[in-house]
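**Student:** Could you put the whole structure together from the sequences, leaning on the hints where they help?
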Amino acid sequence: MTVETPRGMQNFIESIIEFIDENVRGSFNGKNPLVAPLALTVFIWITLMNTMDLVPVDWLPSLAQYIGANFFGVDPHHVYFKVVPTTDPNATFGLSIGVFILMVYYSIKNKGIGGFTAELTLHPFESKNPILKVLLIPANFFLEFVSLIAKPVSHSLRLFGNMYAGEMIFILIALLPFWIQWTLSLPWAIFHILIVLLQAFIFMTLVIVYMDMAHDKGH
Amino acid sequence: METSILFLAGSILMGLGALGAAVGIGILGARFIEGVARQPELMGMLRTQMFIVMGLVDAVPMIAVGISMYILFAVA
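Read top to bottom, the protein sequences are chains S and R. Counting in our numbering, the first sequence runs from 383 upward without gaps. Counting in our numbering, the second sequence runs from 50 upward without gaps.
It should be emphasised that the hints constitute simulated quantities derived from the structure, not laboratory data. Watch out, some of these pointers could steer you wrong.
Now the stretches of chain S that chain R is said to cover, found in silico as 3 or more residues with beta-carbon under 8 Å [stated by the list, open to error]:
{"hint": "1", "segment": "447–461"}
{"hint": "2", "segment": "486–494"}
{"hint": "3", "segment": "521–532"}
From the structure, some residues in chain S lie toward chain R, with a derived Cβ separation under 8 Å [said to hold, decoys possible]:
{"hint": "4", "residue": "Ala500"}
{"hint": "5", "residue": "Asn544"}
{"hint": "6", "residue": "Thr587"}
Label pairs and their computed distance ranges (CB to CB) [stated by the list, open to error]:
{"hint": "7", "chain 1": "S", "residue 1": "Asp598", "chain 2": "R", "residue 2": "Gly93", "range": "35 to 43 Å"}
{"hint": "8", "chain 1": "R", "residue 1": "Ile61", "chain 2": "S", "residue 2": "Ile575", "range": "39 to 47 Å"}
{"hint": "9", "chain 1": "S", "residue 1": "Asn414", "chain 2": "R", "residue 2": "Ile76", "range": "29 to 37 Å"}
The structure presented is a predicted model; accordingly, all values stated were derived computationally and were not measured. C-beta: ideal position from N, C-alpha, C; glycine also.
**Tutor:** Below you can see the structure in the form of structure tokens.
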């Protein structure tokens, strides 16, 4: 392992770190040593979880049924095994609710609880008159609250929808007769490789953007 | 619930989502090509931004596809 001329695996890892570094520098304008490792973790973890979708769709469930039948004495038809975690909305909501909690925590830490509630209740309808400000609070809060909740919900369901639909199409293609399967499964698998990387990248970019919004003190 | 109306619901969900996604991404791609035609040296950066915005535009149609697949295969 050398510093001047990295080779092989070291070069590959360094290129991933540089890619994440470039993206974080481009979008994040605050000062927080947590954001870049968070972006790296999220990107690599989601990529690896999504890539499990490329394993042929009945190998692992068949293996699970075999193990269940022979080592545990279970009826094979009752063994249920779905291997891609991101096709389960629980996993994607876990990721996005974690990011949401971090966003609220850093918002309150950087802007104070007063600043955080001011952001929720004094935008987008602003006014100088204090009585009018109080009157506009319900309308502002409703709009800002919907926008706040839409963030983790859309964040997680985007990833879930893409992966669930992809896996479902793999399963449907697998039900076709064997002599026609290859014409559909090959293009779809190639397209799915793009989708896997793209969805992980989009999730990571949105994590960085939400962290940037949490650290943004001047409006 | 009746399977026939569940099939109809799932199909309408997916169809309207596909319509929105297709129009949105078509317009996005057209602006990208226009931008690259004006300034070819920005192609890499514009391509990255295009993929990011594509992910956002595609989000709600993809959510619709996910829910519709669930309705069509797990419920009906």
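**Student:** Now, for every hint given, state plainly whether the structure supports it.
**Tutor:** These are the hints, each one checked on the structure:
no., hint, in the structure
1, 447–461, "violated (count 0)"
2, 486–494, "violated (count 0)"
3, 521–532, "violated (count 0)"
4, Ala500, "27 Å, violated"
5, Asn544, "5 Å, holds"
6, Thr587, "6 Å, holds"
7, S:Asp598 with R:Gly93: 35 to 43 Å, "27 Å, violated"
8, R:Ile61 with S:Ile575: 39 to 47 Å, "31 Å, violated"
9, S:Asn414 with R:Ile76: 29 to 37 Å, "36 Å, holds"
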